[in-house]
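Make a model of the complete structure from these sequences and hints.
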Amino acid sequence: MKMTLSSLASMLGLTLKGEDREFSGLNTITDASETEVTFLSNPRYVKFLKDTKACAVIVSKEHAGDVRSAALISDNPYVDYARAASLFVREQGEFSGVSELAWIHPDAEIGKDCVIHPFARIGARSKVGGGTAVFPGAYIGEDCVIGESCCIWPNAVILAGVTLGDCCVINSGAVIGTDGFGFVRHSGMMFKIPQIGTVELADGVDVGANSCIDRSALGATSIGDSTKIDNLVQIGHNVKMGEQCLIISQVGISGSTKVGDRVTMAGQAGISGHLNIGDDVTIGPQAGVPKDIADGITGGGSPFMEGSHYMRVAATMPKLHEMNKKIAQLEKEIDRLKALFSQEEK
Amino acid sequence: MKMTLSSLASMLGLTLKGEDREFSGLNTITDASETEVTFLSNPRYVKFLKDTKACAVIVSKEHAGDVRSAALISDNPYVDYARAASLFVREQGEFSGVSELAWIHPDAEIGKDCVIHPFARIGARSKVGGGTAVFPGAYIGEDCVIGESCCIWPNAVILAGVTLGDCCVINSGAVIGTDGFGFVRHSGMMFKIPQIGTVELADGVDVGANSCIDRSALGATSIGDSTKIDNLVQIGHNVKMGEQCLIISQVGISGSTKVGDRVTMAGQAGISGHLNIGDDVTIGPQAGVPKDIADGITGGGSPFMEGSHYMRVAATMPKLHEMNKKIAQLEKEIDRLKALFSQEEK
Amino acid sequence: MKMTLSSLASMLGLTLKGEDREFSGLNTITDASETEVTFLSNPRYVKFLKDTKACAVIVSKEHAGDVRSAALISDNPYVDYARAASLFVREQGEFSGVSELAWIHPDAEIGKDCVIHPFARIGARSKVGGGTAVFPGAYIGEDCVIGESCCIWPNAVILAGVTLGDCCVINSGAVIGTDGFGFVRHSGMMFKIPQIGTVELADGVDVGANSCIDRSALGATSIGDSTKIDNLVQIGHNVKMGEQCLIISQVGISGSTKVGDRVTMAGQAGISGHLNIGDDVTIGPQAGVPKDIADGITGGGSPFMEGSHYMRVAATMPKLHEMNKKIAQLEKEIDRLKALFSQEEK
Numbered sequence: 002m003k004m005t006l007s008s009l010a011s012m013l014g015l016t017l018k019g020e021d022r023e024f025s026g027l028n029t030i031t032d033a034s035e036t037e038v039t040f041l042s043n044p045r046y047v048k049f050l051k052d053t054k055a056c057a058v059i060v061s062k063e064h065a066g067d068v069r070s071a072a073l074i075s076d077n078p079y080v081d082y083a084r085a086a087s088l089f090v091r092e093q094g095e096f097s098g099v100s101e102l103a104w105i106h107p108d109a110e111i112g113k114d115c116v117i118h119p120f121a122r123i124g125a126r127s128k129v130g131g132g133t134a135v136f137p138g139a140y141i142g143e144d145c146v147i148g149e150s151c152c153i154w155p156n157a158v159i160l161a162g163v164t165l166g167d168c169c170v171i172n173s174g175a176v177i178g179t180d181g182f183g184f185v186r187h188s189g190m191m192f193k194i195p196q197i198g199t200v201e202l203a204d205g206v207d208v209g210a211n212s213c214i215d216r217s218a219l220g221a222t223s224i225g226d227s228t229k230i231d232n233l234v235q236i237g238h239n240v241k242m243g244e245q246c247l248i249i250s251q252v253g254i255s256g257s258t259k260v261g262d263r264v265t266m267a268g269q270a271g272i273s274g275h276l277n278i279g280d281d282v283t284i285g286p287q288a289g290v291p292k293d294i295a296d297g298i299t300g301g302g303s304p305f306m307e308g309s310h311y312m313r314v315a316a317t318m319p320k321l322h323e324m325n326k327k328i329a330q331l332e333k334e335i336d337r338l339k340a341l342f343s344q345e346e347k
Numbered sequence: 002m003k004m005t006l007s008s009l010a011s012m013l014g015l016t017l018k019g020e021d022r023e024f025s026g027l028n029t030i031t032d033a034s035e036t037e038v039t040f041l042s043n044p045r046y047v048k049f050l051k052d053t054k055a056c057a058v059i060v061s062k063e064h065a066g067d068v069r070s071a072a073l074i075s076d077n078p079y080v081d082y083a084r085a086a087s088l089f090v091r092e093q094g095e096f097s098g099v100s101e102l103a104w105i106h107p108d109a110e111i112g113k114d115c116v117i118h119p120f121a122r123i124g125a126r127s128k129v130g131g132g133t134a135v136f137p138g139a140y141i142g143e144d145c146v147i148g149e150s151c152c153i154w155p156n157a158v159i160l161a162g163v164t165l166g167d168c169c170v171i172n173s174g175a176v177i178g179t180d181g182f183g184f185v186r187h188s189g190m191m192f193k194i195p196q197i198g199t200v201e202l203a204d205g206v207d208v209g210a211n212s213c214i215d216r217s218a219l220g221a222t223s224i225g226d227s228t229k230i231d232n233l234v235q236i237g238h239n240v241k242m243g244e245q246c247l248i249i250s251q252v253g254i255s256g257s258t259k260v261g262d263r264v265t266m267a268g269q270a271g272i273s274g275h276l277n278i279g280d281d282v283t284i285g286p287q288a289g290v291p292k293d294i295a296d297g298i299t300g301g302g303s304p305f306m307e308g309s310h311y312m313r314v315a316a317t318m319p320k321l322h323e324m325n326k327k328i329a330q331l332e333k334e335i336d337r338l339k340a341l342f343s344q345e346e347k
Numbered sequence: 002m003k004m005t006l007s008s009l010a011s012m013l014g015l016t017l018k019g020e021d022r023e024f025s026g027l028n029t030i031t032d033a034s035e036t037e038v039t040f041l042s043n044p045r046y047v048k049f050l051k052d053t054k055a056c057a058v059i060v061s062k063e064h065a066g067d068v069r070s071a072a073l074i075s076d077n078p079y080v081d082y083a084r085a086a087s088l089f090v091r092e093q094g095e096f097s098g099v100s101e102l103a104w105i106h107p108d109a110e111i112g113k114d115c116v117i118h119p120f121a122r123i124g125a126r127s128k129v130g131g132g133t134a135v136f137p138g139a140y141i142g143e144d145c146v147i148g149e150s151c152c153i154w155p156n157a158v159i160l161a162g163v164t165l166g167d168c169c170v171i172n173s174g175a176v177i178g179t180d181g182f183g184f185v186r187h188s189g190m191m192f193k194i195p196q197i198g199t200v201e202l203a204d205g206v207d208v209g210a211n212s213c214i215d216r217s218a219l220g221a222t223s224i225g226d227s228t229k230i231d232n233l234v235q236i237g238h239n240v241k242m243g244e245q246c247l248i249i250s251q252v253g254i255s256g257s258t259k260v261g262d263r264v265t266m267a268g269q270a271g272i273s274g275h276l277n278i279g280d281d282v283t284i285g286p287q288a289g290v291p292k293d294i295a296d297g298i299t300g301g302g303s304p305f306m307e308g309s310h311y312m313r314v315a316a317t318m319p320k321l322h323e324m325n326k327k328i329a330q331l332e333k334e335i336d337r338l339k340a341l342f343s344q345e346e347k
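Residue numbers (our numbering), protein chains in the order written: chain A, 2 to 347; chain B, 2 to 347; chain C, 2 to 347.
If you're looking for bench data, these hints aren't it; they were derived computationally from the structure. Fair warning: there could be bad hints in the mix.
All copies of an identical chain are treated as equivalent in the list; a pair is satisfied when it fits inside any one copy or across any two copies.
[As the list claims (entries may be wrong)] Below, computed lysine to aspartate or glutamate pairings styled on EDC-like, alpha-carbon distance capped at 20 Å:
{"hint": "1", "residue 1": "K327", "residue 2": "E35"}
{"hint": "2", "residue 1": "K193", "residue 2": "E110"}
{"hint": "3", "residue 1": "K326", "residue 2": "E307"}
{"hint": "4", "residue 1": "K48", "residue 2": "E35"}
{"hint": "5", "residue 1": "K3", "residue 2": "D76"}
{"hint": "6", "residue 1": "K193", "residue 2": "D262"}
{"hint": "7", "residue 1": "K333", "residue 2": "E323"}
{"hint": "8", "residue 1": "K259", "residue 2": "D336"}
{"hint": "9", "residue 1": "K193", "residue 2": "D204"}
{"hint": "10", "residue 1": "K3", "residue 2": "D144"}
{"hint": "11", "residue 1": "K320", "residue 2": "E332"}
{"hint": "12", "residue 1": "K51", "residue 2": "E20"}
{"hint": "13", "residue 1": "K326", "residue 2": "D336"}
{"hint": "14", "residue 1": "K54", "residue 2": "E332"}
{"hint": "15", "residue 1": "K193", "residue 2": "E149"}
{"hint": "16", "residue 1": "K241", "residue 2": "D32"}
{"hint": "17", "residue 1": "K3", "residue 2": "E35"}
{"hint": "18", "residue 1": "K62", "residue 2": "D293"}
{"hint": "19", "residue 1": "K128", "residue 2": "D336"}
{"hint": "20", "residue 1": "K128", "residue 2": "D293"}
{"hint": "21", "residue 1": "K259", "residue 2": "E149"}
Remember, it's a predicted structure, so these values are computed and weren't measured experimentally.
In C-alpha cells form, the structure reads like this:
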C-alpha cells in the first residue's frame, strides 16, 4: 500500500510540516527506512530523532522542531500512530463467501456476509452471526451461538453449546469449551464428574492462541465485555470473569474463581480456585494467589503480597543467605556477651 | 431434554419427597432456575437452601427437612449429583460412520462403530479400535494403535507409532509424540539427537487441550492407567508416569523423570529431569522440584519442601523485609552493648 | 528396519568386537532387548553393562572389555549413538506430491519436491521452498516466504507475511504470527494497538508444539539461526532473539526483549519486556527476570540472581521460618542482656 503524507495528515487531522511525499508503512524510530513514517511518544526516544531515517515523524508540537524530516504534528502522537497503523493492518485469509470445502451441518444458520473457509466445520443448530469469519480448520460444535463480526482463526475449536457475543476474536489453536478437569480418586478408582455446563463470552472478548477456557460442571464459565486474554492462558471451569480484564500469557486461573472488572494479571501468574478477586486488581508476573484480593489492590509474589510490601520483600530476597549468616554471627556475639557478663558477675 | 423428578429418583434409587414435576437440567444451588434440580453436599452451602429456586434438591436425610421445594433424599448427594449429571451430558459431534471427507490410508484399519469425521487424517498401518471417534482436523500418523472407545477431539495430533489403550480421551489441540527436545550445542554448531522412541498411553488416560507429550529418544514415554492430564501440560521425553495420577494445568515435567502411582501435581508446578517421584505424592501449585521425592510426601514451594515445613516457610515469606530490618537493629544493639561493656571494663 | 552390526560399524567407522548379527533398533542400556543395540556414554551407567540384554553396545575402548555381548568401539559413544539413531528415525506422513485435497491459492508458488498433504491451506502469493513438507491441517497465510526443506507439522499455523528460512521445523499446533497483545485500557474503553509487523525466523529454527510467536506491532519479531524452541513457549511481539538459543518448555518472553546468541532458558522461566539479555546467558527453571542480564551470566531464581549467589539463596530458603524464630530469640536475649546491664549500672 502507498499513501502520501498529506493524505495521512488529512485523514487523522494532523498538521504536515515539511515536504509531501509517498510512504509505504510505519516503523519504530530506530528501524524505519526512508519510505516509512515513525512516531515519537516516549520522551526517552527523543535522542533518536536526529538519526532516524523515517521520511516523517508523528510528533507533538513541543518536539516538532527537532525533526529533520517531515513532521506530522499531533496532540497525542501515540494515539495517532495507532490510528495510522490501523490503515496498514494486513488483511488475512483472502477468501469470500462460503467454501464448498467447508463442512456445515444443514441445520446450521450462517449469517449475511460470513466468510467460511475450506476445512472449517460448523455443527448442527449453530448460529453464526453476520460478518463473522471462520478460518480453515476451525471447529464449531453443535448448538453454538457465535455473534456478529467475530473472527475464528485457523484451527480454533469451539465445542458444543458455547456462546460468543459480537466482535469476539478466537485466535489460532484456542480451545473453548473442553470439559473442566473434574476427577475424583475414590476407593481405588478414578471417577469423572460430568461437565454439563458451558462457556459464555460477552462482546469484544479476545482469546489468545492456544489458550483454553473450560466448560463448567454446572452453569457457565463466563468472560465479560472487552476482556482480552493472551496466548497459552488456562481458565478453569466455572470461572466468572468481569469486563475489560487483561490476562497476559501463560496465566492460569483455577476453577470457580470470580474475577472482577478491569483486572490485570501479568504473565505466568497463577490463581487458586474458589477465590474472589476484586475490581481493578493488578497481579504481577509469576505471582501465586492463594487468597481473595480486595478491590483496587496491586501486588505480586508467591504468596501474593500488596505492592510496596511485595517490592520490599523481593528486594530483600537476594540477601537471604547473607541474613542467615548474620543471624549466626549475632548468636555468637550474644553468647560471647553473655559469657563476659556472667564472668564479670563472678 | 426433559425428565421427571420421579423418574430420576427411580433411576438413581433416591426417595422423592414432595410433588413430582418435569425438570430440564441441573445447576448450582445459587444459580438453579425453577426448572432445574440442584444438590447439597458441602455443609457450607446449607444457608442457600432457603433461597434456591431449584424445583428439587438432591440432599441427605439430615438436611431434607430444610428443603422448601421437592427433596431427592440420597445417601451420598455428591455422587448422586454426578450420576444425575451424567444423564445430561451433551453429545458432541453429531455424525456417524466414516466421512468421505476424511483422509484414511488404504492400509489403515478402522474398527466397528467408529466415527471418523470430515477432515480427519489416519495414516498407513494404523489401527483404530471399535467405537472410537476421530473428530475433524484430528491427525493420526502411521503405525499407531488406538484402542477401543477412545475420543480424539478436534485438531488433536497423534504422531507416528504412538499407542493408546482403550477409553482414552485426547482433547482438542493436544499433541502426542512430537520429538523430545534433544539438542546439543557443540563446537559452534547445534546438533539434534534423533528421537526414535515413542509414546504409550495405557487405558483410560485423558490428555487435556493443547497439552504435549513428547516422543522419547529411545524406548517410550509412558503414562499409566486412568491417569488424567489437564490442559497445557508439558511431559518431556522418556517420562514414565504411573496410574491414577492427576496432573493439573500448566505443569511441566522434564525428560526421563519417573512418577509413581496416584501422584497429584497442582497447577504450574515444574519437575526437573531424571528424578524419581514416589507413589501417592502431592505437589503444590507453582512448586519447583529439583530432587527426588519419597512415597507419600505432600508439599510445595520452590525448592520443594514437605508440607508443614513449606506452610511455615510460605507464611514467613511476607516477613522477609521486616526480618532484615530487625537483624540490622539487633546488630546495632549488640554493638551498643559491646561498647557499653568495653567502656565499663575500662 | 533390519541391519547388521557389521554394516553399522562400517557406516559409522566403528570397530566391531564380537559376533556379527542382525539387529532391529536402539534402546537404553536398561531397556534394550536382545535384538537391540545400546550405548554407554555416562560412566554412571557402567554398572548396567553386566545385565544389559542388548546384542551390542557402542562403547569406548576403555569399557569395551566389560561388554558381555558384541562391542562397537567408538571414540565418542554418545555422538555415534546419535548417528546410529538417525538411521532409525521413523518417516512420518507417508505421502508424496501435492494433494488434491489441499487448498492452495492459484497465486501461491510451490517449490520442487514439496509434499503438500490433504487439508493443508496455502494462501495467495506465498512461496514454499523446494523439499518442504506441509502436513494436514497446517495453515500458511498470504505473502509468506517458507524456505527450503522445512517441515510444517499437522495443524501448525503460520499467519500472513511471516518469513521462514531454510530447514525450519514448525511443530504441531505452533502458531507463528498472531497479533501481539497490544491493548490499552483508556477512559473506560479498551483500545487495540494494531500489530502491523511480522515474524522472521532464520535458517534451522525449530518451534515446539503449541508454542506461540507473536507478530510485532512494527517491524519484526525475529529468531536467529539454529535457535531451538521447545513446546508451549510464548514469545511476545518485537522480541529479537539471537542464534543457537535453547528455549525450554513453557518459557515466556515478554514483548520487545532482546536475547543474545547461545542463550539457554530452562523450563517455565519468565522474562519481562524491554530487557537486554546478553550472549551466552543461562537462566534456570522458573526464574523470573526483571532486569537486563550481561553476557555470560548463569543464574536463576525470582528475582533472577547470579549462579553461586542464587544457589546459596535457594539453599537458605527452607530455613526461612527457623531464621525468623531465631531472630525473635535473639531479640529476647538482647533485651535480657540490656536489662541485666542497666540493673548492674544502678
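Status of each hint after checking the structure:
Neither within a single protomer nor between protomers do K327 and E35 lie at most 20 Å apart by alpha-carbon distance, with minima of 60 Å and 60 Å respectively. For the homomeric pair K193 and E110, neither the shortest alpha-carbon distance inside one copy (34 Å) nor that between copies (30 Å) is at most 20 Å. Taking identical chains as interchangeable, the C-alpha atoms of K326 and E307 lie at most 20 Å apart only when they sit on different chains, with a minimum of 19 Å there against 28 Å within one chain. Proximity of K48 to E35 under the C-alpha cut-off of 20 Å is restricted to the intra-copy arrangement: shortest distance 18 Å within a copy versus 67 Å between copies.
In this assembly of identical chains, K3 and D76 lie within 20 Å of each other by CA distance neither inside one copy nor across copies; the values are 25 Å within and 61 Å between. Within a single copy, K193 and D262 get their C-alpha atoms only as close as 32 Å, which misses the 20 Å cut-off; across copies the closest is 18 Å, which meets it. Both within a single protomer and between protomers do K333 and E323 lie at most 20 Å apart by alpha-carbon distance, with minima of 15 Å and 17 Å respectively. For a Cα distance limit of 20 Å, the shortest separation of K259 from D336 qualifies neither inside one copy, at 53 Å, nor across copies, at 48 Å.
Proximity of K193 and D204 under a CA criterion of 20 Å is satisfied inter-copy only: 15 Å between copies versus 32 Å inside one chain copy. In this assembly of identical chains, the alpha carbons of K3 and D144 lie at most 20 Å apart only when taken from different copies (17 Å versus 44 Å within one copy). Proximity of K320 to E332 under the C-alpha cut-off of 20 Å is found in both arrangements, the shortest distances being 18 Å within a copy and 16 Å between copies. In this homomeric assembly, K51 and E20 come within 20 Å of each other (Cα to Cα) only inside a single copy, at 18 Å, whereas the closest approach across copies is 76 Å.
Proximity of K326 and D336 under a CA criterion of 20 Å is satisfied in both settings, with 16 Å inside one chain copy and 17 Å between copies. Proximity of K54 and E332 under a CA criterion of 20 Å is satisfied in neither setting, with 64 Å inside one chain copy and 59 Å between copies. Only between protomers do K193 and E149 lie at most 20 Å apart by alpha-carbon distance; the minimum there is 19 Å, versus 36 Å within a single protomer. In this assembly of identical chains, the alpha carbons of K241 and D32 lie at most 20 Å apart only when taken from different copies (13 Å versus 42 Å within one copy).
Proximity of K3 to E35 under the C-alpha cut-off of 20 Å is restricted to the intra-copy arrangement: shortest distance 13 Å within a copy versus 61 Å between copies. In this homomeric assembly, K62 and D293 never come within 20 Å of each other (Cα to Cα): the closest approach is 47 Å inside a single copy and 34 Å across copies. For the homomeric pair K128 and D336, neither the shortest alpha-carbon distance inside one copy (79 Å) nor that between copies (76 Å) is at most 20 Å. Proximity of K128 and D293 under a CA criterion of 20 Å is satisfied in neither setting, with 38 Å inside one chain copy and 50 Å between copies.
In this assembly of identical chains, K259 and E149 lie within 20 Å of each other by CA distance neither inside one copy nor across copies; the values are 27 Å within and 39 Å between.
Violated hints for the displayed structure, listed by number in ascending order: 1, 2, 5, 8, 14, 18, 19, 20 and 21.
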